[in-house]
Amino acid sequence: MKVGLFVPCYVDQMYPEVGWATLQVLRRCGVDVDYPVAQTCCGQPMANTGCSDQTAPLAKQFVAIFRSYDYIVSPSGSCISMVRNHYGEFFGDSADYQHVRERSYEFCEFLHDVLKINELPGRFPHRVGIHQSCHGLRELRLGSSSELVQPAFSKVQKLLSLLEGIEFTSLQRPDECCGFGGTFAVAEEAVSVMMGDNRVADHEQAGTEVLTGVDMSCLMHLEGLLRRKRSPMRVLHVAQILACDDGKTIFQ
Amino acid sequence: MTNHAVLAEQFVADKPRAHWHDQALWFVRAKRDLAAKSLPEWEELREHASNIKAHCVSRLADYLEEFTRNAEKLGAQVHWARDAAEHNQIVLGILQKHRVTKIVKSKSMLTEECHLNPFLERHGMEVIDTDLGERIVQMRREPPSHIVLPAIHIQKEEVGELFHEQLGTDAGATDPQYLVEAARKHLREKFMAAEAGITGVNFAIAETGGFVVCTNEGNCDLGVSLPPLHIACMGIEKLIPRAQDLGVFLRLLARSATGQPITTYSSHFHGPRPGGALHVVLVDNGRTDILRSDDFRRSLNCIRCGACMNTCPVYRRSGGHSYQSTVPGPIGSILSPAKDAAKHDSLPFACSLCGSCTDVCPVKIDLHHQLLTWRGEIAKRGLLPKSKTWGMKAVSFVLQRRRLYEWSGKFARLSLRKLPRWMIYNRFNAWGKQRELPSAPRSSFRDWYRQQPKNGADKKES
Chain A
7 MKVGLFVPCY VDQMYPEVGW ATLQVLRRCG VDVDYPVAQT CCGQPMANTG
57 CSDQTAPLAK QFVAIFRSYD YIVSPSGSCI SMVRNHYGEF FGDSADYQHV
107 RERSYEFCEF LHDVLKINEL PGRFPHRVGI HQSCHGLREL RLGSSSELVQ
157 PAFSKVQKLL SLLEGIEFTS LQRPDECCGF GGTFAVAEEA VSVMMGDNRV
207 ADHEQAGTEV LTGVDMSCLM HLEGLLRRKR SPMRVLHVAQ ILACDDGKTI
257 FQ
Chain B
2 MTNHAVLAEQ FVADKPRAHW HDQALWFVRA KRDLAAKSLP EWEELREHAS
52 NIKAHCVSRL ADYLEEFTRN AEKLGAQVHW ARDAAEHNQI VLGILQKHRV
102 TKIVKSKSML TEECHLNPFL ERHGMEVIDT DLGERIVQMR REPPSHIVLP
152 AIHIQKEEVG ELFHEQLGTD AGATDPQYLV EAARKHLREK FMAAEAGITG
202 VNFAIAETGG FVVCTNEGNC DLGVSLPPLH IACMGIEKLI PRAQDLGVFL
252 RLLARSATGQ PITTYSSHFH GPRPGGALHV VLVDNGRTDI LRSDDFRRSL
302 NCIRCGACMN TCPVYRRSGG HSYQSTVPGP IGSILSPAKD AAKHDSLPFA
352 CSLCGSCTDV CPVKIDLHHQ LLTWRGEIAK RGLLPKSKTW GMKAVSFVLQ
402 RRRLYEWSGK FARLSLRKLP RWMIYNRFNA WGKQRELPSA PRSSFRDWYR
452 QQPKNGADKK ES
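One line per chain: the protein sequences are A and B, in this order.
For the first sequence, my numbering gives the first residue as 7, with consecutive numbering after it.
For the second sequence, my numbering gives the first residue as 2, with consecutive numbering after it.
None of these hints come from the bench; they were simulated from the model.
A few of these clues could be false.
Said to hold, decoys possible - Derived CB-CB ranges, DEER-like:
| no. | chain 1 | residue 1 | chain 2 | residue 2 | range |
| --- | --- | --- | --- | --- | --- |
| 1 | B | Leu-438 | A | Leu-121 | 30 to 38 Å |
| 2 | B | Asp-15 | A | Lys-8 | 51 to 59 Å |
| 3 | A | Leu-121 | B | Arg-18 | 47 to 55 Å |
| 4 | B | Glu-44 | A | Asp-76 | 30 to 38 Å |
| 5 | B | Asn-430 | A | Arg-236 | 14 to 22 Å |
| 6 | A | Glu-215 | B | His-165 | 33 to 41 Å |
| 7 | A | Ala-212 | B | Lys-16 | 17 to 25 Å |
| 8 | A | Glu-210 | B | Arg-189 | 45 to 53 Å |
| 9 | B | Asp-15 | A | Ala-212 | 20 to 28 Å |
| 10 | B | Glu-44 | A | Thr-255 | 29 to 37 Å |
| 11 | A | Glu-215 | B | His-56 | 47 to 55 Å |
| 12 | B | Gln-452 | A | Pro-131 | 39 to 47 Å |
| 13 | A | Asn-124 | B | Lys-16 | 40 to 48 Å |
What the hints assert, rightly or not - Okay, the calculated bits of chain A under chain B, using three or more residues with CB under 8 Å as the criterion:
| no. | stretch |
| --- | --- |
| 14 | 73–83 |
| 15 | 97–108 |
| 16 | 111–124 |
| 17 | 212–221 |
| 18 | 226–240 |
All C-beta atoms, glycine included, are put in the ideal place defined by N, C-alpha and C.
Just need the whole structure built from these sequences, with the hints factored in.
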């Protein structure tokens, strides 16, 4: 099984430690991982602005790079949702795209659904608050959403629970949006910040020490708010927790 | 039209009020969750409702004719209006024929959409909204800010002041019981004096020719039981095929809207009451344009429960008026651009694409996907601001060229590390107004990866 690692553009540039942690965990699980350096971006910023013409070449580039892998794994629910749910208009019935679409997995989803791992060495004795990023939750169904009448589940929490000593905080609004939303974060800055502040306050009242999630984009927004007010709450991508090492020493 | 973001920023500027508004609507959302979870078959009901609507819309013309035949058999007169102007003219004609000038109206988003009140007032009529929330916004001379809770943006102290000025209640009174009683007395006088009652329609049934109006205050029944003339105005998408379908929708509507098992009153009308007259006005006003569109057809499923507004994190923090359209929130941001895309071009962007609306919708409208589709439409029609168009062209250009991307990334990281703070955090940086940017690392992930020995063996691991 050959896995192609997709590291979203902004993670590659701003959060290399998250890409590194993803790679470490996958390798520890015995996966043969390759990172094709020709990759850049899935095209989501353009797509979410409505610019199809600017998205198409990036979608084509993505499929051309990743079509030869058995699986494509990425530490981002949002980018995987882009590939899985929003590339259709650029490809029609293309077999390459169908392959890429069916074989693209968000990192936790891959560990949970494909590798089906049920043990992971490591200790993380902290109170962890999970931010359920919307695209992971409602587009990829990594967990149950509070609007639907269905049994509660969370693939992310199930994986994190494998670590020794980890505790989870419970929120008043378990899956409200943080307000990042791509260009929304700047185009609707006031609402975006209020949404983020409200999420932060919910985690504060719940006693979250470490805030985590599957999308660094949401976490970048929340971390930006936390750092501005000099909060002691730490922000880590779920891959960094599963790797039990934030990897920062390598990159700073 | 003012950009949604500008009005939203003004709303958010009053932090305590924005917080109160968010909490008030979240309370309704939480009640809805409890009500939905009381039905184990909730998801099946949603699926069923969505299928009924899809079927009905696919044969809308036939069902409308069936409804008309059956309604006429029951003694109602049915009118067809192509648009808002025709609708208003028809209603005015009926009222004038009956020599009527005093009208009471129960809640109808359709008549709001057609701006019926100001039209009738220009023709010398008095139209009184009898739903308490609607009466409050009518007295304030402003539009509703929510389709189910029209005065949700107003606090009880403000209602006290308004009633003091216009109804003569005690100055400074804020007790809801006292204020409601004053409104009740005021409205009773209007009901007694009314010569005609106008209502909306929640569900019209093709099979029977009857229709149902759902209210919590009983104002619909009072409004059409006292005066001899009843005019019911409905959008053509309000139709359902059979009487047995009604149960599906009544179970979903109030639970989704307010968390009640059912509205206090579900008033069924089958023809005029003895000695009275009943007119039903069927209104298109852009609905068949939506019907023609594969992308947006499902928005006609909407039963106007307002659940998408209550759950929308943006609506809750920007208020209904920031949308500047009769129907605000997620569903409004789909319907309004369908009417006039240039006028409402910022609405599909007043959304973080969180998808909560899609999951909460009782008739399974894929709201956030339709909002995303609208963004594409707006771009196609050349309505995107130049800054966005050129910005995205530039970003895409860079991202299609790996080396340029790598160089740009390196440059951006270096700038973030080396530039003085004032050059990064200034009025051109909307992100940095209230947030820090991430601290830039020296090397990117790919820089590190390239330094690793080939064949994937990783020094760090061993």
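Next item on the list: For Leu-438 of chain B and Leu-121 of chain A, compare the CB-CB distance with the range 30 to 38 Å and indicate the outcome.
Entry: With Cβ atoms ~35 Å apart, the hint holds.
Item checked: Range agreement (Cβ of Pro-131 of chain A with Cβ of Gln-452 of chain B, hint 39 to 47 Å) -> violated, 33 Å
Check: According to a criterion of three or more residues whose C-beta lies within less than 8 Å of a C-beta of chain B, is the stretch 97–108 of chain A covered?
Finding: violated (count 0)
Item checked: Range agreement (Cβ of Thr-255 of chain A with Cβ of Glu-44 of chain B, hint 29 to 37 Å) -> violated, 48 Å
Notebook entry, point to check: Is it true that Leu-121 of chain A and Arg-18 of chain B lie within 47 to 55 Å of each other by Cβ?
Noted result: holds, 49 Å
Item checked: Range agreement (Cβ of His-56 of chain B with Cβ of Glu-215 of chain A, hint 47 to 55 Å) -> Holds, since Glu-215 of chain A and His-56 of chain B (Cβ atoms, about 52 Å apart) stay within the stated range.
Next item on the list: For the range 40 to 48 Å, tell me whether the beta carbons of Asn-124 of chain A and Lys-16 of chain B fit it or not.
Entry: Holds: the Cβ-Cβ distance is about 46 Å, inside 40 to 48 Å.
Next item on the list: Tell me if chain B covers the stretch 212–221 of chain A under the three-residue, 8 Å CB rule, please?
Entry: Check failed, 0 qualifying residues.
Note to self: How does the stretch 111–124 of chain A fare against chain B when you require at least three residues with a CB closer than 8 Å, holds or violated?
What the structure shows: Answer violated; 0 residues pass the 8 Å Cβ test.
Checklist line | CB-CB spacing for Asp-76 of chain A and Glu-44 of chain B relative to the 30 to 38 Å hint | finding: holds, 34 Å
Check: Between Asp-15 of chain B and Ala-212 of chain A, is the Cβ distance one that fits in 20 to 28 Å?
Finding: holds, 27 Å
Check: Glu-210 of chain A and Arg-189 of chain B, beta-carbon distance inside 45 to 53 Å?
Finding: Given range 45 to 53 Å: holds, Cβ gap about 50 Å.
Violated hints, in rising order: 6, 10, 12, 14, 15, 16, 17; the structure is consistent with all others.
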